[in-house]
Amino acid sequence: MADLTKVVDAVYKGRLKEIQGLVQEALDTGAEPNTILDEALVKGMDVVTQKWKEGQVFVPEVLRSAKTMQSGMDILKPFLVKGSGEAKGVFAIGTVKGDLHDIGKNLVAMLLESVGYKVINLGIDLDPSVFVEQVEKGVKYLGISALLTTTIPQMKVIIDSLEEAGLRSKCKVWVGGAPVTQEYAEEIGADFYAVDAAHCIDQLNSLR
Amino acid sequence: MFKRGKLGGLDGGQYRPLTDSDVRKVHQAIIRIMSEIGIKVANRKGFELFKSKGMKTDEEKKLVFISQGLLEDCIDAAPSELILHARGNPDNNIVVGGKRVHFGSGGTALNILDLETGEKRHSTLEDVQNVSKLLDYLDNAHFQVIPVYPNDLPIEKVDINRFFAAINNTNKHCQGGVYTIKGTKEVVDMCSMIAGSREKLQKEPFISFITCVISPLEIDQTYGDLLMTCAESGLPLSIPAEPLTGATGPITIAGNVANLCAETLAGLCLAQLVNCGTPVLMACTSTSTDLRTMSYASGSVEEGLINACAAQMAQFYGLPYYGTAGQSDSKIVDAQAGFEGAITNLLVGMAGGNFIHDALGLLEFCLTASYEKYVMDNEILGEVVRVLKGVEVNDETLAVDVTASVGPGGNFIQEDHTFEHMRNEHFVPTVADRQPRVNWEKAGRKDTYTRCKEIVRDVLQNHKPIPVNEEIVKAIRAKYPNFVQ
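For the protein sequence lines, the chains are A and B, in the order given. If you read the first sequence in my numbering, its first letter stands for residue 12, the second for the next number, and so on. If you read the second sequence in my numbering, its first letter stands for residue 25, the second for the next number, and so on.
The reader is advised that the hints may include incorrect statements.
[Claimed, not checked] Calculated cross-link-like contacts (lysine to any residue; reagent style SDA-like; alpha-carbon spacing at most 25 Å):
(1) B/Lys85 to A/Gln67
(2) A/Lys108 to B/Asp176
(3) B/Lys355 to B/Glu407
(4) A/Lys64 to B/Ala321
(5) B/Lys355 to A/Gln67
(6) B/Lys85 to A/Ile135
(7) A/Lys148 to A/Ile131
(8) A/Lys62 to B/Asp353
(9) B/Lys69 to A/Asp136
(10) B/Lys355 to A/Ala209
[To be verified] Simulated restraints, written as ranges between beta carbons of each label pair:
(11) A/Gly109 to B/Ser216: 28 to 34 Å
(12) B/Arg222 to A/Glu197: 43 to 49 Å
(13) B/Glu83 to A/Asp49: 37 to 43 Å
(14) A/Lys151 to B/Glu83: 48 to 54 Å
(15) B/Arg222 to A/Ser140: 42 to 48 Å
(16) B/Asp100 to A/Pro164: 43 to 49 Å
(17) A/Asp39 to B/Arg316: 35 to 41 Å
(18) A/Pro164 to B/Glu60: 39 to 45 Å
(19) A/Gly200 to B/Glu60: 30 to 36 Å
(20) A/Leu91 to B/Lys69: 50 to 56 Å
(21) A/Ala176 to B/Arg222: 49 to 55 Å
(22) B/Ile496 to A/Glu65: 32 to 38 Å
(23) B/Lys49 to A/Thr46: 51 to 57 Å
If you're looking for bench data, these hints aren't it; they were derived computationally from the structure. Ideal placement from N, C-alpha and C gives every residue a C-beta, glycine not left out.
Bound-form chain B, shown alone:
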């Protein structure tokens, strides 16, 4: 197994597709969308909450016109940075906010490419466990968004078991979507048992939630309920909006960014009205639509542009940011899977996205995950992180002294300077092949996919994350009939 390092949290922000003046124009558009066009709040309780704050409403169309004043108050009420804790290993805690960059997996794929056959099949609870274990191992996955859906469970058993499968197999922060209100409450309760108490869980949250706003401009009944249930729990919450260009959002990047910000900020406002101070990640899952087929294009370069712009807007508002990058629409782990993931991860990373999800493992419009792609993407992220680390310039790194001692015609191989800097100055690939051809042929002419597969097998066999205490698992098992692990 290869050497592990810890390089989450480096500063991005080098890539800024929007000028300062552009950011102000987008902000003005957001205010107009929220206060003049309005947000549909189909959820009755949510609608009443906005109304009770004196917002203008349209009862018939269920529209709420969110004033600039309320928006500003809610942004002020939400923390500008937060610590997402990791169970079992505080070294893996991440501080989300500013321009600090972290990458992690994304959900929720319904299928996975079988590790043995390579064929697409429905994912199961065992896949949730295995992918979580793999993510725990991969050093450039700084957090986990629960990656796949357990198709082998009925809906009432999904929430609690999906979260436990993830938590028990990783010592990194776990964020996940939820499917039922009862399930959400069970997850909070189960995690309180693991933490010791609800207060301890709130103080050091090792889980967090995702609830969506529907594009364009709607908080619907179901997700509205889930959003409010999560906000009541006091745990951190990502509220992604997903306007797709030309379909559920404007075709233009600027318009799409304005819409998505209005949508996620409307969700942020609702969360603050439910529970003032709820830690919320302003969140973007937006990308482009391929208007030839109307497919959601999860690997498009415009996804990189949109999510980079949204990261700039979050920095403008002083809010932590959940962004999207790294997926591919390829059906297999091939060249397309590599280049699509690399470009978007690099763009959004360099824009300073704080919590960049989907960054590993996803294929085919996010419908299918691949064990091998998690490993390949981990290597791509290693390179992105290397870019973020930048170039240090000082007397030591300018190396004039060592150049003088080597002199014209010499070499640097045996110099102490080389020895001291070689590991931290350069990214050391573990997937990319740099063998001479003859050695590569002797080793079986393995391509990237095969090399990744071998790493996956090794990790699943040998890596041992710290599990949840067995006594607590027994108590969880006894308390919840839905718990099957």
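With the rest of the complex left out, here is chain A:
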């Protein structure tokens, strides 16, 4: 029986150079591809994200683990049952008009990808119509970021635009960024206020 703990450990520790060899080894010793995915790669990521939430792991370590997992997936993909290993959902995220801040928003994007969501990173300084278009195209999860007190009113404009387009009920809206608060999120009718990426992940997972 293949020893999957090595794969779990390699994902957890972000051993990028070793992961493909270990996944291949697991396949060669008879482990089921879907077992390797769920019991090793995904499990490794779960360990990392849990420890990150507890404050023991640094964000660059989470990202390295995610990259390691993806590298393992490249070996595994041809053998997986169709449909498994696909994205948990699609999340579109962007920074509002007039605001050029993107590091926090990009971080949320990277971390959501690392735990299995497909992320459409829309960019910065975005017209409300860009967000509306995404929902028109079928995106169900929408993240809006702003870092300036002078630009957060744009969040309400976007939510109002979704209402006007009759799309508000078709999506869940997250708001985040330094000046945003839970009270503000409620006031403008957002579904979620995510104080950081970890909260965003928990909130998203709770919907599934």
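For chain A, the structure is supplied; the task is to place chain B on it using the hints.
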């Protein structure tokens, strides 16, 4: 109210984290970043200015490669020291440059801990007025950076009212960030009215501006416009860069310092190209990132290290330096708020930072200000200033004569020598409690926070800075529909 003294401008430079050889290595890295990696100048007018000076550019990526020659010319063009004036009280003018150390507040917090309830709430124009008044009173605040944002005003009214609220309630130099070009022009015009004319304001600037460079290595459209508008005004300008370790700048202190210097110097170059001779403060707001949460860590010890290194680099270039220290990431005025502020203020002060902002009042990643913390930090700064004052050694201070007259087994309490030196040799705390326990208990067992709160209330009630002449205020009111005070 406690006794006030004037101790800004003492020499720092005792703490030097970089050796001379390190400074030269950082300088070489700065040259490489500016001339080989390049600075993105998204602002079209700024880009063209660099191009017109023969700088190599990349049109598509909007990159400007700033040559060592242009950098040196621009550093030479900028004054190596400048006087930041104080309205209403020339004794509060500060000479910024060399290794002379001054401390002041920083901006711009969006919230404040309410003086009555202790709860966090949005700051208002009234808070700008009150904090300014408090800063005018606190003797170790040598200047003011406009501390909080007036959330009760729409954006078009912010610049002019924020500056006036600060200016009218303090007789110390006021520096502030700006939000709109129109607002910036209104501020310059309003202050020209207060000074008597634009020329008088330029000659004795009691206000100055802050416009940021975006890390890593970018002068963006909005701040580029604001930077050029401020440079055109001829008033002094701080151009801070804020690479955060491992996020918007390298994780290593040396790399972070090289990046931040390249960024602020790129801004300095642009200001000189717009208006040769513009007084610019080489400026650092850099600190570390807590990579567990990706929080900006405003109270980290590395902030002290980075800002001390940057002060050394400014001294190397012969430029006045705006640094950062003194904040805390605590949410309340507690032990963390005290020790984080104390360590960074001491480090950057001892490095000889000229214009150390954020030194008082800020909590929670600079998002929240606290009236009580301004008072507590003023006391910390008093102790830092005492350190800078150093130890004077001569026959009088060695005190062999008085020791001889007291002799073995005597005491020094009644000696003239004691009487003459006791107030100037020692820092006299006003917040720290040194009462016997029984007296402290009788007085209500007050902690630091409560003692600070009482001082704040006293100052806000009794301290009266010299306001702007009422006739001039009337004229300002008549001229600007946005003016609400």
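Hint by hint, here is what the structure shows:
1. B/Lys85 to A/Gln67: violated (39 Å)
2. A/Lys108 to B/Asp176: holds (22 Å)
3. B/Lys355 to B/Glu407: holds (24 Å)
4. A/Lys64 to B/Ala321: Holds. A/Lys64 to B/Ala321 sits at ~18 Å (cutoff 25 Å).
5. B/Lys355 to A/Gln67: It holds: about 22 Å lies between the C-alpha atoms, which stays within 25 Å.
6. B/Lys85 to A/Ile135: holds (17 Å)
7. A/Lys148 to A/Ile131: Satisfied, since the Cα-Cα distance of roughly 12 Å is no more than 25 Å.
8. A/Lys62 to B/Asp353: holds (23 Å)
9. B/Lys69 to A/Asp136: holds (20 Å)
10. B/Lys355 to A/Ala209: Holds, at roughly 21 Å.
11. A/Gly109 to B/Ser216: 28 to 34 Å: holds (29 Å)
12. B/Arg222 to A/Glu197: 43 to 49 Å: Since the Cβ atoms of B/Arg222 and A/Glu197 sit about 48 Å apart, the hinted range of 43 to 49 Å holds.
13. B/Glu83 to A/Asp49: 37 to 43 Å: violated (50 Å)
14. A/Lys151 to B/Glu83: 48 to 54 Å: Roughly 40 Å apart at Cβ, these two residues miss the hinted range, so it is violated.
15. B/Arg222 to A/Ser140: 42 to 48 Å: holds (43 Å)
16. B/Asp100 to A/Pro164: 43 to 49 Å: holds (45 Å)
17. A/Asp39 to B/Arg316: 35 to 41 Å: With a Cβ separation near 37 Å, A/Asp39 and B/Arg316 satisfy 35 to 41 Å, so the hint holds.
18. A/Pro164 to B/Glu60: 39 to 45 Å: holds (41 Å)
19. A/Gly200 to B/Glu60: 30 to 36 Å: violated (49 Å)
20. A/Leu91 to B/Lys69: 50 to 56 Å: holds (55 Å)
21. A/Ala176 to B/Arg222: 49 to 55 Å: holds (50 Å)
22. B/Ile496 to A/Glu65: 32 to 38 Å: With Cβ atoms ~59 Å apart, the hint is violated.
23. B/Lys49 to A/Thr46: 51 to 57 Å: Hint holds: Cβ distance 53 Å, inside 51 to 57 Å.
Hint check: violations occur at hints 1, 13, 14, 19, 22; the rest are consistent with the structure.
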